[in-house]
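For this one, chain A is given, so just place chain B on it according to the hints.
Here are the chains, one letter per residue:
Number of protein chains: 2
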Amino acid sequence: MDYHRRLDTELDVLRDRVLVLGGEAEAALGRAMYALAERDSAAAREVLEGDDAIDRLEVEIDRLCIDVLALRQPAARDLRFVISVAKITPILERLADHACNIARVALDLNDEPRLRAFPDLSRMAAVASSMLRAALDAFTRGDAAEARRVIGQDDEIDVMYERLFRDLIGLMVAEPAATPRAARLLFVAKHLERVADYVTDICELTVYMTEAAIIKHSY
Amino acid sequence: MDYHRRLDTELDVLRDRVLVLGGEAEAALGRAMYALAERDSAAAREVLEGDDAIDRLEVEIDRLCIDVLALRQPAARDLRFVISVAKITPILERLADHACNIARVALDLNDEPRLRAFPDLSRMAAVASSMLRAALDAFTRGDAAEARRVIGQDDEIDVMYERLFRDLIGLMVAEPAATPRAARLLFVAKHLERVADYVTDICELTVYMTEAAIIKHSY
Chain A
-17 MDYHRRLDTE
-7 LDVLRDRVLV
3 LGGEAEAALG
13 RAMYALAERD
23 SAAAREVLEG
33 DDAIDRLEVE
43 IDRLCIDVLA
53 LRQPAARDLR
63 FVISVAKITP
73 ILERLADHAC
83 NIARVALDLN
93 DEPRLRAFPD
103 LSRMAAVASS
113 MLRAALDAFT
123 RGDAAEARRV
133 IGQDDEIDVM
143 YERLFRDLIG
153 LMVAEPAATP
163 RAARLLFVAK
173 HLERVADYVT
183 DICELTVYMT
193 EAAIIKHSY
Chain B
-17 MDYHRRLDTE
-7 LDVLRDRVLV
3 LGGEAEAALG
13 RAMYALAERD
23 SAAAREVLEG
33 DDAIDRLEVE
43 IDRLCIDVLA
53 LRQPAARDLR
63 FVISVAKITP
73 ILERLADHAC
83 NIARVALDLN
93 DEPRLRAFPD
103 LSRMAAVASS
113 MLRAALDAFT
123 RGDAAEARRV
133 IGQDDEIDVM
143 YERLFRDLIG
153 LMVAEPAATP
163 RAARLLFVAK
173 HLERVADYVT
183 DICELTVYMT
193 EAAIIKHSY
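Those sequence lines, one after another, are chains A and B. For the first sequence, my numbering assigns the number -17 to the initial residue and increments by one for each residue that follows. For the second sequence, my numbering assigns the number -17 to the initial residue and increments by one for each residue that follows.
A hint or two may mislead.
Claimed, not checked - Covered stretches of chain B, as calculated for chain A (at least 3 residues, CB under 8 Å):
#, stretch
1, 48 to 55
2, 64 to 77
3, 88 to 97
Rather than coming from a laboratory, the hints here were simulated on the basis of the structure. A virtual CB, placed ideally from N, CA and C, is assigned to each residue, including glycine.
Next comes chain A alone, as it looks inside the complex (with noise of 0.2 Å):
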């Protein structure tokens, strides 16, 4: 194989695990909602046990990036691509963190007498998972005009954190009985709200190697 083909080769690889990668941490996200909706801590517990399979995914994605600045050398859009893909993994292992921690919660909770329902803590789910799945479909794609439209969904995230706050403040100031159940609740929609940040920052990225401008603090 000559070299632009080997070099080809590799990115479709490297593409293809940060697909997967960014697959299994949209699924431990859905099914640590689900967890706590459902009050089924079978599938909490297969979230945390899941972490192990997206941290190696992401130690081998680490791999495959380094062997390809070193033996391939690739220049122009092709580095750009490699050094989001570093940069992307990272992001896509934390994001699984923070559905562990969902699934922690739902744990916790599941011990507990049931709270009354908070539709916005489904609804956030809902749209950070939607946004995420829009973001690495922009970033194989390199499609830099969905990766703004999906940064542009993060006011929708921002303003239900927003409501969501308040409403579990108000249950708590009510009913003190419920405090540590609602801030475990508080916690759940604050880890949602970062789960959107982490996509932004996918779609920036997506951005800049698409368009090698640095959109990232200008908006």
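Coordinates of chain B only, in the frame set by chain A:
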């Protein structure tokens, strides 16, 4: 200048810029905690105003990394150093974001009656700051043993966090009127726990860079 001297000079510049960024992040964290403890809103606003400079520094370091990779194509340890720098800068930038979030909490709380002091909060901040300083030092010196020692300190942070969580929930249950304020301090504790996690990430990169071993997820 020949290739090696040019590369060495550029790596020195990178090392220097990372130290400046780390110093700024550490200063922001210290100032935010001071603003919270001393109810000093001017200090809190300084932290928020300083964030732009930190963002610009991150963008500058990213550009330097890409330039070194594209123009000098460093190998082995030098390559790992550049990749580590590219991975450390977003961590430091996010660490400074947490400082900003703490500063925002300080601004919110300074308008309200003072809560009783939670000494664990300043202790957590002091440990997190000293971990950050030691981690940056270990990174620039390539001292893997010191990086491993810093990682070990994360347990202290976790113990303080768990105690704070219990104390603050206890306060909320006992005094519902204090709940909105106590919930904000709960977030400060969470931010500090996150800061320590980021410091651990920096230490893992240091070990990786020095020993080419990936210790992440293996301890």
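Verification of the hints:
Coverage of the stretch 48 to 55 of chain B by chain A holds. Counting CB-CB distances below 8 Å, 4 residues qualify, and the rule asks for three or more. Coverage of the stretch 64 to 77 of chain B by chain A holds. Counting CB-CB distances below 8 Å, 4 residues qualify, and the rule asks for three or more. For a cut-off of 8 Å, the count of residues in the stretch 88 to 97 of chain B with a CB near a CB of chain A stands at 0, and the three-residue condition is violated.
Violation of the numbered hints given earlier is confined to hint 3; every other hint is satisfied by the structure.
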